[in-house]
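*Asks:* For reference, the chains in residue letters:
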Amino acid sequence: MAAAFACGGLLALAGALMQTLFRNPLAEPYLLGVSGGAGLLALLGMAAGLAWPWVSALAFAGSLLALALAAALGGRLLARDHTPLLLAGVMLAAGFGALIALVLSVAPAERLPGMLFFLMGDLAWTSNALMLWSALLLAVAAALGLSRRLDVLQLSPLKAASLGVAVAPTRWMLFTLAGACTALVVAQAGSIGFVGLMVPHALRKLGYAGHRVLLPACALAGGSLLVLADALARTVIEPRELPVGVLTALLGVPMMLWLLRKP
Amino acid sequence: MSLVAHQLSLQAGTRTLVNALDLALEPGEVLGILGANGAGKSTLLMVLAGLARPASGRVTLDGQPVADLPPLTRAQHIGLLPQGDEGGFFGSVADFVTLGRYPFGHAPGDLVPQLATWELTDLARRPLGTLSGGEHQRARLAQLAVQAPRIALLDEPLTHLDPAHQARLLAWARSEAEAGHAIALTLHDPNWAASHCDHLLFLYGDGRWQRGRPAELLTPDALEALYGLGSATLWRLQNRPVQPV
Numbered sequence: 001m002a003a004a005f006a007c008g009g010l011l012a013l014a015g016a017l018m019q020t021l022f023r024n025p026l027a028e029p030y031l032l033g034v035s036g037g038a039g040l041l042a043l044l045g046m047a048a049g050l051a052w053p054w055v056s057a058l059a060f061a062g063s064l065l066a067l068a069l070a071a072a073l074g075g076r077l078l079a080r081d082h083t084p085l086l087l088a089g090v091m092l093a094a095g096f097g098a099l100i101a102l103v104l105s106v107a108p109a110e111r112l113p114g115m116l117f118f119l120m121g122d123l124a125w126t127s128n129a130l131m132l133w134s135a136l137l138l139a140v141a142a143a144l145g146l147s148r149r150l151d152v153l154q155l156s157p158l159k160a161a162s163l164g165v166a167v168a169p170t171r172w173m174l175f176t177l178a179g180a181c182t183a184l185v186v187a188q189a190g191s192i193g194f195v196g197l198m199v200p201h202a203l204r205k206l207g208y209a210g211h212r213v214l215l216p217a218c219a220l221a222g223g224s225l226l227v228l229a230d231a232l233a234r235t236v237i238e239p240r241e242l243p244v245g246v247l248t249a250l251l252g253v254p255m256m257l258w259l260l261r262k263p
Numbered sequence: 001m002s003l004v005a006h007q008l009s010l011q012a013g014t015r016t017l018v019n020a021l022d023l024a025l026e027p028g029e030v031l032g033i034l035g036a037n038g039a040g041k042s043t044l045l046m047v048l049a050g051l052a053r054p055a056s057g058r059v060t061l062d063g064q065p066v067a068d069l070p071p072l073t074r075a076q077h078i079g080l081l082p083q084g085d086e087g088g089f090f091g092s093v094a095d096f097v098t099l100g101r102y103p104f105g106h107a108p109g110d111l112v113p114q115l116a117t118w119e120l121t122d123l124a125r126r127p128l129g130t131l132s133g134g135e136h137q138r139a140r141l142a143q144l145a146v147q148a149p150r151i152a153l154l155d156e157p158l159t160h161l162d163p164a165h166q167a168r169l170l171a172w173a174r175s176e177a178e179a180g181h182a183i184a185l186t187l188h189d190p191n192w193a194a195s196h197c198d199h200l201l202f203l204y205g206d207g208r209w210q211r212g213r214p215a216e217l218l219t220p221d222a223l224e225a226l227y228g229l230g231s232a233t234l235w236r237l238q239n240r241p242v243q244p245v
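In order, the protein sequence lines correspond to chains H and P.
So that you can map any letter, position 11 of the first sequence is 11 in this note's numbering, and since no number is skipped, the others follow by simple counting.
So that you can map any letter, position 99 of the second sequence is 99 in this note's numbering, and since no number is skipped, the others follow by simple counting.
Chain P extracted, bound-state conformation (with noise of 0.2 Å):
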């Protein structure tokens, strides 16, 4: 019951981004996905979800081609929550999270607890396009979390919310990890990935990459190898603030 890259390639262009990727995402894990600008992260999360073809290699949810479900299959089973992009949308938050049961046809389920685990009740009426970029992102976060999808792959979850709503997040994911789903995000702050992920995974943006856990993978040196010469200056890795939930 897992997510599994075979030998995954991921190319911009001519660059190769990831070469010759295994990866498997198991039920109860949380992966974080570190890397540089441009380093393949959210490409990575693309091809993980069925929606774009990888160089080479090929992704398989319990041995089954991802890129070979049926669209709403594939959905029921793998949520994505991309970079913000919401121009488009003119209805209300409400309406924006309902959007998350798409995949399970008419009926919408029950949205009032997940609005209020995302403290968005009060909000829900609102048009969308008068949120903040936090209020947003939690409107985003909702919609995933309706669609309750058993691979949840998270681009930059952490972007914009306050530390009080990553703190939310985080119960969630542990909670959704509890329940026995996987989830991958991609993050930049490497005291988050110490603490709450079970795994990380390196792109270092020529082909190269690790996988390990946390405290293998997260040192200075190793940070500075991931992101630039200087860069390890910005945390104290070594007084880890908080523990693993």
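Isolated chain H (complex conformation) (with noise of 0.2 Å):
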């Protein structure tokens, strides 16, 4: 339980961050193919046979290896364009998943529903509570500090810069920092999905629009929700449980239709 709010904060955070690093309400931590190098490591790692301590090292650095990527393919125009970062990143993203469908298709019968938990998001792995905590309140302290040059990020490249925010250290500072906390969820609870992009968009759409408020809100409401979706999947066909990726899409795509209606 501890462990599930500290990853649905990080997560939160990471898609707010991610959002205002690519001016895009569409942006989500996964976006530049994190989870991809994560579940692809880690999915080899599991047809290997290795143990849950080798496979989520395996993941950890199947992350930074995809974030390492995208930033040496598409990193270059950062202080103008991030537009070549995105699409180096979906294309990563988009061969990661092609190369996890190879690894399925060929990996052993019976290993194949640990890979299919880790690749939806799974919280029964998740043992390192004290490291994610201290992970979830170090990140929101620095993205705090950022908090400022956050809202400024908002305006074009080119007014931004004009106000006196560095743009490109500015933007690699939110890359790393959405990168990091990324990478550490995925390592230890695999590909939970929407809670990064429903929460922080979400909280825009109620009004947060300012970083000062909008980013310790994500952390709060991202660990609730991945907390609630947790306890139902644990409960709801008990005694099995279910991937809670399947319940953070079951709780939050109602829920944000619902606030679509809203002008």
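Careful: at least some of the hints might be erroneous.
Claimed, not checked - Stretches of chain P that chain H covers, calculated by requiring three or more beta carbons in the stretch to come under 8 Å of a beta carbon on chain H:
| hint | stretch |
| --- | --- |
| 1 | 17–30 |
| 2 | 93–104 |
Unchecked claim - Label-pair ranges, simulated between beta-carbon atoms:
| hint | chain 1 | residue 1 | chain 2 | residue 2 | range |
| --- | --- | --- | --- | --- | --- |
| 3 | P | D110 | H | W258 | 48 to 58 Å |
| 4 | H | L144 | P | G212 | 32 to 42 Å |
| 5 | P | D85 | H | L260 | 17 to 27 Å |
| 6 | H | T176 | P | A24 | 40 to 50 Å |
| 7 | P | L72 | H | S105 | 51 to 61 Å |
| 8 | P | T73 | H | D81 | 24 to 34 Å |
| 9 | H | A168 | P | A20 | 25 to 35 Å |
| 10 | H | R76 | P | H160 | 31 to 41 Å |
Rather than coming from a laboratory, the hints here were simulated on the basis of the structure.
We put the CB at the ideal spot given by N, CA and C, even for glycine.
Could you use the hints to bring the two separately framed chains together as a complex?
*Replies:* Written out as structure tokens, the structure is:
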């Protein structure tokens, strides 16, 4: 439960940061292939029969690999234009997706459920709540330190620069912070979907536009949503458990659609 | 106390847009920049603002190269109104206008007079994304106005504005000039340029440029040379409708 809160908070925070980085409400933590890179290496580890701590370490390494590739392939023009980074990340995510499908199609059948649970996101493996909580508190503090700059970064890069924000360094800080938050969660719980997309978007829709309020609100709301989803995942079809990623989407999609009705 | 360009050359790829431009933007001056699409007007404003490097030459503010100023210091003196691009902003009009105070730290200052000046008082709590084009442009101008820069560089500020708000922009520009601030703006309206600018800069897009008073520069032949054959038929420059305020 404590781990669930920290995971949800980190994902929602990372989502908010990605949306500000790309100036796009559809951006989310896995946009740049973090979950794909993590999923590929984790599945390879599982296929090889490695134990969880090794799979987790491989997932973390895969996330960092995906981020490094996206940065190397698309990061040159970040001061002016985020589109190359976005395209590189989306392409990498698609490539990782294909490789994951390949691994799934040739993996031994008895290992498939574990693999699918990892890909959908599952808190059953999560053991390191203290580490996740420390990461959440550090990340919120770091993001709050950037919050006024992030408000300005919502403007065009040129306007933000004219107001005195160093656009490229700030965008790289955002990229690093969002990437680190996401990689930590993915290595602990797989690719829990939807929290990182929906929570920041919904909070913005509700009028929390300034980052000084938005970012801590994301951490709280994302954490709460994941705790709720986790509790339901453990109870709805007792004694079996659902992957929590299924519940976040089942809870989140109707909430989001309801919010979209509002002008 | 002025922004000076020394032997400034601008390029787009290998094409020279502006060659060896010498320009001083003095306190109290309104400079109009005219040129065809792609002639380098926006690039020139970015370079003057210290946000892009020229191919050669330099820009100084009170003798200091603008490119070397710390970003916040620069933003306390030089403001830029780029062409519109507000896709990523989720907040209200008041939030948006407040961002103009960013270079001055935490105290947001009193927005009420500027919101009133730009007739945004009733729109202040609306999400920025719900405004019309002209209302949006007023919010962008109000954001620049609360920044209150000594040097204001405006890229096509007249875009989307109805005549009443074009007059509002004019009054703002004049009051800024009287307060000792300098303004450079790009525009495509020779009548506005003739009536309301102290000096004009013509950019021909091939390296050539001309600077002078509106009465010297704004002739039908000069406009045809600037914009292309037939363009002077759009204006009746001999009948200047308005005198400078």
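*Asks:* Work down the list of hints and note, for each, if the structure agrees.
*Replies:* Structure-based check of all given hints:
Counting residues of the stretch 17–30 of chain P whose beta-carbon sits less than 8 Å from any beta-carbon of chain H gives 0, not enough to reach three: the coverage restraint is violated. Coverage of the stretch 93–104 of chain P by chain H holds [criterion: at least 3 residues with CB-CB distance below 8 Å; count 5]. The hinted range of 48 to 58 Å is not satisfied by D110/P and W258/H, whose Cβ atoms lie roughly 38 Å apart. Judged by the Cβ atoms, the range 32 to 42 Å given for L144/H and G212/P is violated: they are separated by roughly 52 Å.
The hint said 17 to 27 Å for the Cβ distance between D85/P and L260/H, and at roughly 24 Å that hint holds. Taken as a hint, the range 40 to 50 Å holds for the pair T176/H and A24/P, whose Cβ atoms sit roughly 43 Å apart. The beta-carbon spacing between L72/P and S105/H, approximately 55 Å, falls within the hinted interval of 51 to 61 Å. For the pair T73/P and D81/H, the beta carbons lie near 26 Å from each other, so the given range of 24 to 34 Å is met.
Between A168/H and A20/P the C-beta distance comes to about 30 Å, which sits within the given range of 25 to 35 Å. A hinted range of 31 to 41 Å for the beta carbons of R76/H and H160/P is consistent with their spacing of about 33 Å.
Hint violations for this structure: numbers 1, 3, 4, all remaining hints satisfied.
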